[in-house]
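Asker: Protein sequences appear in the order of chains A and B. Note that my numbering gives residue 42 to position 42 of the first sequence, counting from 1, and the numbers run on in steps of one. Note that my numbering gives residue 191 to position 191 of the second sequence, counting from 1, and the numbers run on in steps of one.
Don't read these hints as lab results, they were simulated from the structure. Any given hint could turn out to be false.
Unchecked claim - Stretch-level coverage of chain A by chain B, calculated; a stretch enters the list once three of its residues show a Cβ under 8 Å from a Cβ in chain B: (1) 16-28; (2) 43-50; (3) 56-67; (4) 141-147; (5) 175-186.
The structure presented is a predicted model; accordingly, all values stated were derived computationally and were not measured. Where a beta carbon is used, it is the ideal one built from N, C-alpha and C, also for glycine.
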Amino acid sequence: MTEAIASSWSTGTVREVERFGETYVRLRLEVADRHDHVPGQHYVVRLRAPDGYTAQRSYSLASDPADPLIELMVECLPRGEVSGFLHDVVEVGDELELRGPIGRWFVWGGEVPSLCVAGGSGVVPFISMLRYARRMGTASQLTIVASAQTRERLPYIEELEEFGAFIALTRENHGERVAAHIYPDELAELSTGIERAYVCGSAGFVSFVGRSLGEAGVPSDIVRVEQFGATG
Amino acid sequence: MANFTRGFTGGARRGGDTRLPPGQYDTGATWPVLTAELAPTIDLDTWTMTVDGLVEKPTTWDWRGIHALPASSYFGDIHCVTTWTKFDTTFAGVSVDALLEIAKPKPEATHVMATSTTGYNTNLPLEDITDGKAWIVWEFDGKPLAPEHGGPVRLLVPHLYFWKSAKWITRIELMDHDEQGFWERNGYHDRGDPWLEQRYQGDA
Numbered sequence: 001m002t003e004a005i006a007s008s009w010s011t012g013t014v015r016e017v018e019r020f021g022e023t024y025v026r027l028r029l030e031v032a033d034r035h036d037h038v039p040g041q042h043y044v045v046r047l048r049a050p051d052g053y054t055a056q057r058s059y060s061l062a063s064d065p066a067d068p069l070i071e072l073m074v075e076c077l078p079r080g081e082v083s084g085f086l087h088d089v090v091e092v093g094d095e096l097e098l099r100g101p102i103g104r105w106f107v108w109g110g111e112v113p114s115l116c117v118a119g120g121s122g123v124v125p126f127i128s129m130l131r132y133a134r135r136m137g138t139a140s141q142l143t144i145v146a147s148a149q150t151r152e153r154l155p156y157i158e159e160l161e162e163f164g165a166f167i168a169l170t171r172e173n174h175g176e177r178v179a180a181h182i183y184p185d186e187l188a189e190l191s192t193g194i195e196r197a198y199v200c201g202s203a204g205f206v207s208f209v210g211r212s213l214g215e216a217g218v219p220s221d222i223v224r225v226e227q228f229g230a231t232g
Numbered sequence: 001m002a003n004f005t006r007g008f009t010g011g012a013r014r015g016g017d018t019r020l021p022p023g024q025y026d027t028g029a030t031w032p033v034l035t036a037e038l039a040p041t042i043d044l045d046t047w048t049m050t051v052d053g054l055v056e057k058p059t060t061w062d063w064r065g066i067h068a069l070p071a072s073s074y075f076g077d078i079h080c081v082t083t084w085t086k087f088d089t090t091f092a093g094v095s096v097d098a099l100l101e102i103a104k105p106k107p108e109a110t111h112v113m114a115t116s117t118t119g120y121n122t123n124l125p126l127e128d129i130t131d132g133k134a135w136i137v138w139e140f141d142g143k144p145l146a147p148e149h150g151g152p153v154r155l156l157v158p159h160l161y162f163w164k165s166a167k168w169i170t171r172i173e174l175m176d177h178d179e180q181g182f183w184e185r186n187g188y189h190d191r192g193d194p195w196l197e198q199r200y201q202g203d204a
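When you get a sec, could you build the whole thing from the sequences and use the hints?
Answerer: Right under this line is the structure:
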């Protein structure tokens, strides 16, 4: 694993902006003096007002480390100070203060067979893992489960389907699967042979999946979690 | 780059409140949950709290024993490195001073490692948990502390970023040197003073 911590702020230039309805915006940025990241790591984005006021939030990377740009998929939260700005205001060519990559716990470098369980935008770090695994030829080491209310609420759903991820939509059917939360027996089947599990989503989702993983027989000490809450 | 972000003036959350450390916002009535692990199930009949390492008298308290110590509470703000600050919280439990008074730190003790039942740990200078700056708490706003917030019992060191306030605390070991804990090994700052914005390794 690279020594992946950036101790200072740098500048990212927005190269691509794609908005998905009112919910998500995908930003692809070119970062000056970039350090390689490990799939699962995040960046901090800091916005600065003309009077010096700042607001900063952390966002997981969706991009493969070999991607010449870094990719963020930001969920726009109600009255989100940072996410709202990124969704509504940012344009190609804008420069943003960035710091990263950060975090050495919720990371996967292909070393162990792992189950990843995501709720909504919690899928973002797993997209980085998925892209990395594909490039390295280690996709068989990675099982991804992604849950959301509807297709529209699940970013990267086509890429997940193509990878063979297990999709659990809770408010509409997905193929043969009738709308429902993830069942413990589904997790039990998907967790066969895993040595590690990653769960990323809202605190409520993580708590729910944690309990289900326990019922599925996954020992809690191999579970790594990352939650997000009312941050915006 | 320009010395500000084009088009950004600050959103609904900017308040200019002098109680907000730099880069923090007021999370209001909510209390986000952030952990690296799943919340464990802790049996109060078998839970213990130990203070050991460089002390004259290594001591272990059970749930009843720790409640027999003088009650102490904290009223004030808490600050998470993920940039939320929660104002006017009330926690109740015992002061860490009460434990140290019994265990008696040796003169060479300079740092501590606080450890959870899950194995999570975090390092602190001894002086950051003495003289009324730290608590072992089991109540939040008059109710038992919820498991996802570290219940039944957690460390509370409110003047530092909240990852230092180890959830599900079970042990404080006194040491004569500093040693990195879980988040510190994973990129976060060794001390974590929110007023100095000591968020990550490399911050001043």
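Asker: Each hint needs a verdict: does it hold in this structure or not?
Answerer: Status of the hints after comparison with the structure:
1. 16-28: violated (count 0)
2. 43-50: That given contact holds, which follows from 5 residues of the region 43-50 of chain A lying within Cβ reach (below 8 Å) of chain B.
3. 56-67: Satisfied; 3 residues make the cut.
4. 141-147: This one is violated; 0 residues, fewer than the three required, reach chain B with a Cβ under 8 Å.
5. 175-186: violated (count 0)
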